[in-house]
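Asks: Here's the letter readout for the chains.
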Amino acid sequence: MGEEMEVGCARPTGGPVGESAEESTATNESAPVKEAKPMIQVGKKAPDFAAPAYQKGKFISVKLSEYLGKWVVLCFYPGDFTFV
Amino acid sequence: MGVEILSMSIDSVFVHKMWDDNELSKMVDGGIPFPMLSDAGGQVGKAFGIFDEAGGVETRGRFIIDPDGIVQGYEVLSPPVGRNVSESLRQIQAFQHIRETKGAEATPSGWKPGKATLKPGPDLVGKVWEVWKTDMAFD
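If you're matching them up, the sequences are chains F and L in order. Going left to right, the first sequence walks through residues 1 to 84 as my numbering numbers them. Going left to right, the second sequence walks through residues 1001 to 1139 as my numbering numbers them.
Certain hints may be false.
[To be verified] Here are some chain L residues pointing at chain F (derived, C-beta under 7 Å): (1) Ser1007; (2) Ile1065; (3) Gly1069; (4) Leu1077; (5) Pro1079; (6) Lys1102.
[Unchecked claim] Just so you have them, the derived chain F footprint on chain L, three or more residues with Cβ under 8 Å: (7) 1026-1038; (8) 1080-1093; (9) 1109-1116; (10) 1129-1136.
[As the list claims (entries may be wrong)] Quick list of in silico lysine-lysine cross-link-like pairs, DSS-like style, CA-CA up to 25 Å: (11) L:Lys1133 to F:Lys56; (12) F:Lys44 to F:Lys63; (13) L:Lys1127 to L:Lys1102; (14) L:Lys1026 to F:Lys44; (15) F:Lys70 to L:Lys1026; (16) F:Lys44 to F:Lys70; (17) L:Lys1112 to L:Lys1133; (18) L:Lys1127 to F:Lys56; (19) L:Lys1017 to L:Lys1046; (20) F:Lys58 to L:Lys1115; (21) L:Lys1115 to L:Lys1102; (22) L:Lys1026 to L:Lys1046; (23) F:Lys70 to F:Lys56; (24) F:Lys44 to L:Lys1046; (25) F:Lys70 to F:Lys58; (26) L:Lys1115 to L:Lys1127; (27) L:Lys1115 to F:Lys44; (28) L:Lys1112 to L:Lys1102; (29) L:Lys1127 to F:Lys70; (30) L:Lys1115 to L:Lys1133; (31) F:Lys70 to L:Lys1133; (32) L:Lys1017 to F:Lys63; (33) L:Lys1127 to L:Lys1112; (34) L:Lys1119 to L:Lys1102; (35) F:Lys58 to L:Lys1026; (36) L:Lys1133 to F:Lys63.
By construction, these hints were calculated from the structure, which means they are not laboratory data. We put the CB at the ideal spot given by N, CA and C, even for glycine.
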């Protein structure tokens, strides 16, 4: 999936998977100043993001929306070299 | 099963490489096959609601995302307890089965491949007790 690239920073694209960021930011304009960050809801689209990654000896860039059409398991964990 | 795995932590891709080279490749032949993503600063973890601000790390969140990009299930554990991969696989098999039947079937508690599913509809109302017993919730 991902192309080899220079190392950068991970960033949410600002929209859900498969939708443009403009659509979701437009709805935020009338929102209160303190933006509530709700927990992910099942049945709703995941937030899209792009992130640098290491895979099989290469540094690549991965974008969640590139995986549309496939099942994905995304696992977060506290840190490399931790024990569990 | 046709499932893509992505892992993510706040560590840099350089540390991911060192971890894979020096430890994980001793557990898994050939090293980790899937992309190990870096989320320095935790922006993505925050978007998924699993970033621990006090510790500055990501908690053990696991998200099952379907081919339409929709989150079908998630689980979040605090750092000291590891996941049960078998249960994640069972859930994916259940979600895939539901998707194949276009929602005509549902998987009751304890379902796994080979076990009976439910077919929700007028005839099943009040009759689940006839087709599903409590011991079926367990293996």
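Asks: Look at each hint and say if it fits the structure.
Replies: Hints, one by one, checked against the model:
no.	hint	verdict
1	Ser1007	5 Å, holds
2	Ile1065	4 Å, holds
3	Gly1069	3 Å, holds
4	Leu1077	9 Å, violated
5	Pro1079	4 Å, holds
6	Lys1102	16 Å, violated
7	1026-1038	holds (count 8)
8	1080-1093	holds (count 6)
9	1109-1116	violated (count 0)
10	1129-1136	violated (count 0)
11	L:Lys1133 to F:Lys56	47 Å, violated
12	F:Lys44 to F:Lys63	18 Å, holds
13	L:Lys1127 to L:Lys1102	22 Å, holds
14	L:Lys1026 to F:Lys44	38 Å, violated
15	F:Lys70 to L:Lys1026	29 Å, violated
16	F:Lys44 to F:Lys70	16 Å, holds
17	L:Lys1112 to L:Lys1133	15 Å, holds
18	L:Lys1127 to F:Lys56	52 Å, violated
19	L:Lys1017 to L:Lys1046	24 Å, holds
20	F:Lys58 to L:Lys1115	42 Å, violated
21	L:Lys1115 to L:Lys1102	18 Å, holds
22	L:Lys1026 to L:Lys1046	32 Å, violated
23	F:Lys70 to F:Lys56	21 Å, holds
24	F:Lys44 to L:Lys1046	17 Å, holds
25	F:Lys70 to F:Lys58	22 Å, holds
26	L:Lys1115 to L:Lys1127	18 Å, holds
27	L:Lys1115 to F:Lys44	28 Å, violated
28	L:Lys1112 to L:Lys1102	18 Å, holds
29	L:Lys1127 to F:Lys70	36 Å, violated
30	L:Lys1115 to L:Lys1133	12 Å, holds
31	F:Lys70 to L:Lys1133	34 Å, violated
32	L:Lys1017 to F:Lys63	19 Å, holds
33	L:Lys1127 to L:Lys1112	21 Å, holds
34	L:Lys1119 to L:Lys1102	12 Å, holds
35	F:Lys58 to L:Lys1026	19 Å, holds
36	L:Lys1133 to F:Lys63	44 Å, violated
Going through the hint list in order, the structure does not satisfy hints 4, 6, 9, 10, 11, 14, 15, 18, 20, 22, 27, 29, 31, 36.
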